[in-house]
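S.K.: Protein chains in written order, with UniProt numbering: chain A, 1 to 376; chain B, 1 to 376; chain C, 1 to 376; chain D, 1 to 376.
Hint data in this document are derived by calculation from the structure and do not stem from the laboratory.
Wrong hints could be hidden among the right ones.
Stated by the list, open to error - Derived, one-sided and incomplete: chain A residues facing chain B with beta-carbon distance under 10 Å: (1) Ile-169; (2) Leu-234; (3) Glu-264; (4) Ala-370.
What the hints assert, rightly or not - 30 Å max Cα-Cα, derived DSS-like pairs, lysine-lysine: (5) Lys-62/B / Lys-116/B; (6) Lys-154/D / Lys-174/C; (7) Lys-62/C / Lys-115/C; (8) Lys-72/D / Lys-44/D; (9) Lys-115/D / Lys-62/D; (10) Lys-119/B / Lys-72/B; (11) Lys-154/B / Lys-174/A; (12) Lys-119/B / Lys-62/B; (13) Lys-62/A / Lys-96/A; (14) Lys-241/D / Lys-174/C; (15) Lys-72/D / Lys-119/D; (16) Lys-241/B / Lys-241/A; (17) Lys-119/D / Lys-338/D; (18) Lys-241/D / Lys-241/C; (19) Lys-174/A / Lys-241/B; (20) Lys-241/A / Lys-154/A; (21) Lys-338/D / Lys-72/D; (22) Lys-72/C / Lys-44/C.
What you are looking at is a predicted structure, and each value in this text was computed from that prediction instead of being measured.
Where is the CB? At the ideal position from N, CA and C, for every residue including glycine.
There are 4 protein chains.
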Amino acid sequence: MARIRLGMVGGGNDAFIGGVHRIASRIDDRYELVAGALSSTPEKAKASGEALGMPRIYSDFKEMAIREARLKNGIEAVSIVTPNHVHYAAAREFLKRGIHVICDKPLTSTLADAKKLVKAAESSDALFVLTHNYTGYPMVRQAREMVASGAIGKIRVVQVEYPQDWLTIEQDFKQAEWRTDPARSGAGGSTGDIGTHAHNLACFITGLEVESLAADLEAFVPGRQVDDNGHVMLRFRGGAKGMLWCSQVAPGNENALRIRVYGETGGLEWAQEDPNYLWYTPFGEPKRLITRGGAGAGDAAARMSRVPPGHPEGYLEGFANIYSEAADAIEAHRDGSKPDPAVTYPTITDGLRGVQFVDACVRSSARNAAWVTLDR
Amino acid sequence: MARIRLGMVGGGNDAFIGGVHRIASRIDDRYELVAGALSSTPEKAKASGEALGMPRIYSDFKEMAIREARLKNGIEAVSIVTPNHVHYAAAREFLKRGIHVICDKPLTSTLADAKKLVKAAESSDALFVLTHNYTGYPMVRQAREMVASGAIGKIRVVQVEYPQDWLTIEQDFKQAEWRTDPARSGAGGSTGDIGTHAHNLACFITGLEVESLAADLEAFVPGRQVDDNGHVMLRFRGGAKGMLWCSQVAPGNENALRIRVYGETGGLEWAQEDPNYLWYTPFGEPKRLITRGGAGAGDAAARMSRVPPGHPEGYLEGFANIYSEAADAIEAHRDGSKPDPAVTYPTITDGLRGVQFVDACVRSSARNAAWVTLDR
Amino acid sequence: MARIRLGMVGGGNDAFIGGVHRIASRIDDRYELVAGALSSTPEKAKASGEALGMPRIYSDFKEMAIREARLKNGIEAVSIVTPNHVHYAAAREFLKRGIHVICDKPLTSTLADAKKLVKAAESSDALFVLTHNYTGYPMVRQAREMVASGAIGKIRVVQVEYPQDWLTIEQDFKQAEWRTDPARSGAGGSTGDIGTHAHNLACFITGLEVESLAADLEAFVPGRQVDDNGHVMLRFRGGAKGMLWCSQVAPGNENALRIRVYGETGGLEWAQEDPNYLWYTPFGEPKRLITRGGAGAGDAAARMSRVPPGHPEGYLEGFANIYSEAADAIEAHRDGSKPDPAVTYPTITDGLRGVQFVDACVRSSARNAAWVTLDR
Amino acid sequence: MARIRLGMVGGGNDAFIGGVHRIASRIDDRYELVAGALSSTPEKAKASGEALGMPRIYSDFKEMAIREARLKNGIEAVSIVTPNHVHYAAAREFLKRGIHVICDKPLTSTLADAKKLVKAAESSDALFVLTHNYTGYPMVRQAREMVASGAIGKIRVVQVEYPQDWLTIEQDFKQAEWRTDPARSGAGGSTGDIGTHAHNLACFITGLEVESLAADLEAFVPGRQVDDNGHVMLRFRGGAKGMLWCSQVAPGNENALRIRVYGETGGLEWAQEDPNYLWYTPFGEPKRLITRGGAGAGDAAARMSRVPPGHPEGYLEGFANIYSEAADAIEAHRDGSKPDPAVTYPTITDGLRGVQFVDACVRSSARNAAWVTLDR
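Extracted from the complex, chain A is given alone in its bound form (with noise of 0.2 Å):
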């Protein structure tokens, strides 16, 4: 099967996510990365695409995708790693040229432009995937299916928090500066660029839709314009209840992104930091150590992994598995087919409910943490 052609735009030599995106991309050998608008300053999108080798270099997304769409051998997908507010005007003009579109999260910086790449999204042949990497981690995964399948019963409470430190002082560089300005960012600090992979996880491992929240942001750190430390309370549809907790102000928690899911009948708690390992108790049993690859871990972890038990993996396999999933999707695309049913990616909808999340924290902190729902 010939690798798929793609294209990024962001990314450039100071980027640390764009990286990330062309590793995982590189894992299971199944792109080729062609073409690229990696940075909007034209001197430096030269620099950045020639120190890659990138063919095709170029400093404007749009006059990237027109051209793409036109050669017989354009891009067939594209990267999107740019700034959140950038994401929306980047991804719509590839999806209207039936590009497929790979885009870092949160989905866009503010709610109308999410609702509006929706549209772009419904009306495209397109396939659309939203980089919620640590959903690719196989213990996700053995986690989501231990759920589906009733492992751990109905589900009554959902645990979940992803601290973070290097925010605890004022920062000055760049990862820093376009992620505490709201004009880039969102109206969401800390909620959007990780609260929101907290909300993603719950949902995606429990299968449930946070219907309401009630959430107390805080920005602790003086003069910074957008929250820095979140604690919300949800409420699921169907009765689950849990907590969230999202901070960057928090010390010695360097992504220390964790859930724990509580059933009728069972428990499951994961750490991003030790990916490898899922804890598993059957109420009124010991608690069990399933690892990747291990006694007890079935298909769905099988799938998106590469070495045996005891070899652990890691962040950017979890990533690239995101990748390897939506290969499987382009490659049936191109001809039309559907893809395996287990394939799963974060989808443009669960773009939507994270930047929904967003939307409801900011609109319910500044009603002093009253309940508001997600829909809006």
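Take the given structure of chain A and dock chains B, C and D to it, following the hints.
M.R.: Chains B, C and D only, in chain A's frame:
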């Protein structure tokens, strides 16, 4: 120094916590248990007392208070270890007669009783010690000392939780029965039984007071009359914020009380099930593991410790520490002196705060998790 | 049942282990400490005894044995907690007079003394209990029970280690001084002080006996007269093999006694510093965490346990368990009955094996780690 | 810089390690796989090569070496990923023709082959890189850097182990088959397959060399022709001592390679299954957790790292690091320059030491664990 003559109310044969108090009082050999009304059922009181070789056996705490107060060598202190709804009536009788009270938590089953008991204590020369035993763990003392000394700077965020799983299904044994009966336990279920511990621990370590809270309580098990899961957002006086989770329906959790405190310059993490460890991260430095008795542990922990580092002390030693602090205070009281300023134990004020916490949780939850203050 | 009248030899003011024995004897309230020769220095014996409110104070253990044996209510048992080289002489005096001996480990400082003490014990009607206290931990009992019941099949490999770090540098306080003096400690340094614990634990859990060993001992700290690090390969009767490491110069280790046992069908792992957990892996199934008092824990652990799961018990409770097993045996001895068959404690035979282990380590190391048998 | 043209010998469809090498070579995008003799069975070689879209397919490594050496754009380097006994013959052909060799470990299946290969490498201008991949983990580099900088002082004790459990019972699949066949694997079973990793890791981190060892090897599974468990005592040049345990019959262990190094002033601990953590204890201070990319991590780890702290890197990234070090060296070789002095990778000398280690283990064990030197 002669051992303190101790009595006990409650704690008959099939009780759990009475036995714990008795061991705790023995570990440091500063008490002598000489009288008891271990049950209100005369036969059971007699059988339980005899089994313990108790010199003076009563079946009525009031009679016990009256008689002991008259004896030349009557009890100097009494441990009250009955179900919650009896605390007030029993404590009052001993306080009235100048007998020191060591009372299990929560202080009372109702806020009205708590307030009356505060008055009774204020009118008495006797001491009142509340066994919020988790405050007796050496590394909890260590954490409190570090916060007070500024090791983590001004506090921003407190995450505290106390999940259990024993009430995941309906239980009908004695411990479960009274703890899920609002008439005996109080209006709070998990909030009263374990949420109060979490609340107390957060305040003890941080030195902060909860100003207001928003609580979403739930009774997940059908037919249960009190909450078995509580999600609470906290606002502390001075601007810190927190989340508190208590649950009795979280499979895989035994007594997983855990607290994390984050300040402007560092973080602290402690878990009751692994109590000899305290994790400390000064922002921008590697995380450090401070062990009981090991390098980095200070005076406050050393006072509460019996054996060298690496030999774990546990729940009973922590409980015994409260008894020893009480013994220091009682011995000082004997001759009208003041105990060592380092002596620290939970008082009736902490008890009132705990009952106010439960009351606030119940009130907030009844109003759809509206913010309510603790003072009422 | 009347409490057992207990005496103590050694354990004066500045000793460590004496205090531990006293707490251990109190926790379950089955002993009453009524006599002591806490020091061979009369002033110190007096001061130490008075500080404890000891009714009868001696400064000579022989005199104590003679007098107590004559008293109507003299001691029924004696705890011997002196430095190792005194164990033999002291124990002999009490055994000779029918007073039960509870003796700290190692049994003696020389193999000759150990053999003489075995004879003394055989000639006496009194019981001899050796406080290899780690065998008192509930989850050690659990492990032993599981091995005996075949949960891991025939044993192949035993990995046991006991690293500490307190002698990483030269120390001059009392505890270090006698433990590094071969005249008082015996020919083994780390092997005698902690290697014996590791050896004993391995045998206790597996039910196996070490047939031969090859040891490479070293004194890393200049001028030290006894080993501070020992590497030992073990061959058990029946074909199992093992490795044993003991060290007092391993920075970062406090009392990190840890054992791992692997059989034909499963594995078990336990660590003294986290004693409430036992890890169990049936081959081909996920690893399970068995907790003290939790699901999967059996009768052997339950007998040794006081509080519910999730409330950690520690070193002192494990030590107290040895005292309670001894109390069961002593009480049965009072009326000539047999104790409950479940009663288990280390005996003089275990003590002899321990001294043989140290002797074998020293002999082997002197012969460039040649294989030597323990029997001699 | 043009990507390095890479070939591969071995690694056909049903092999495990070939796929790992291919991913490792892709992660940092510095290699292009253009030729392969993936199997010695022509049909399988063809099918495997086509499945990978391999431009030039061979079924004979000698033919491949000859032809590629003649091509203008023939391969610059070859990865040899066959069973051990083929390493020597294959590597020789490429070295002879100036093609760099990246070879899986152990170097060869016999000591004689190893010595011949050393000569072949010495006679060649080409580079020889041995994929002792665990040395590619960032925190292993961190440990090595810390030891070299004196962070733990002069080394006294090294504890290293590599337990697995997959051969607990007889297995008949391909991976098990050749690894337990002395003709293909070499005289060492667990010692050759994983003991060499442990040996190499100990030497890599400490900078020490094993002078002599005493080994007690065993084949626990009936009928097995090579050891499946090895107990080894080590003596390093300069006076440090160590223990090494390798096992394939330890249920509950997947790839539990773990090393602990203790020096005069501190200790270090690292475990392969949790590779982003390094535990560091300066004697007399609290234990510190150094994380990949976090505070306390230095240049040696940073060079080997792609994503921020808290986003785990794993086995494949560690493997890729070896490939990237090799790429640095190969690129420098292209123009006759020297690579950055920081470039570090296991060489043929390390490979010879590994084979000598296995040889010494087998010789020692045959002589009842007598001490033997590695040099022979």
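S.K.: All hints are to be evaluated individually against the structure, with a verdict given for each.
M.R.: Right, here's what the structure says about each hint:
Annotation: Ile-169/A was flagged as interfacial toward chain B, and the flag holds, the nearest CB pair being 7 Å apart, inside 10 Å. Because the beta carbon of Leu-234/A sits about 8 Å from the nearest beta carbon in chain B, less than 10 Å, this interface hint is met. Checking Glu-264/A against chain B by beta carbon gives a least distance of about 7 Å; that is within 10 Å, so the hint holds. Taken as an interface hint, Ala-370/A checks out: its beta carbon lies about 8 Å from the nearest beta carbon of chain B, inside 10 Å.
Between Lys-62/B and Lys-116/B the CA atoms are separated by roughly 17 Å; this keeps the pair inside 30 Å, and the hint holds. For the hint pairing Lys-154/D with Lys-174/C, the CA-to-CA distance comes to about 27 Å; that is within 30 Å, so the pair holds. Annotation: proposed proximity of Lys-62/C to Lys-115/C holds, straight-line Cα distance about 20 Å (limit 30 Å). Using a Cα cut-off of 30 Å, the hinted pair Lys-72/D and Lys-44/D holds, with the two alpha carbons roughly 27 Å apart.
With a C-alpha separation of about 20 Å, the suggested pairing of Lys-115/D with Lys-62/D holds against the 30 Å cut-off. Distance check on the hinted pair: Lys-119/B and Lys-72/B sit about 27 Å apart at the alpha-carbon level, within 30 Å; holds. Using a Cα cut-off of 30 Å, the hinted pair Lys-154/B and Lys-174/A holds, with the two alpha carbons roughly 27 Å apart. This hinted pair checks out: Lys-119/B and Lys-62/B have alpha carbons roughly 19 Å apart, not beyond 30 Å.
The suggested pairing of Lys-62/A with Lys-96/A holds, with an alpha-carbon distance near 11 Å, which does not exceed 30 Å. With a CA separation close to 29 Å, the supplied pair Lys-241/D and Lys-174/C stays within the 30 Å bound. For the given pair, Lys-72/D sits about 27 Å from Lys-119/D by alpha-carbon distance, which is consistent with the 30 Å threshold. Proposed proximity of Lys-241/B and Lys-241/A is supported: the alpha carbons are some 21 Å apart, at most 30 Å.
For the hint linking Lys-119/D to Lys-338/D, the alpha-carbon distance of about 22 Å falls within 30 Å, and the restraint holds. A C-alpha spacing of about 21 Å is found between Lys-241/D and Lys-241/C, which places the hinted pair at or below 30 Å, so the restraint holds. For the suggested pair Lys-174/A and Lys-241/B, the alpha carbons sit about 29 Å apart, so the restraint of at most 30 Å is met. Of the supplied pair hints, the one linking Lys-241/A and Lys-154/A holds, its CA atoms being roughly 12 Å apart against a limit of 30 Å.
Proximity of Lys-338/D to Lys-72/D is assessed by CA-CA distance (about 24 Å); at most 30 Å being required, the pair is judged to hold. About 27 Å separates the Cα atoms of Lys-72/C and Lys-44/C, which keeps this hinted pair within 30 Å; it holds.
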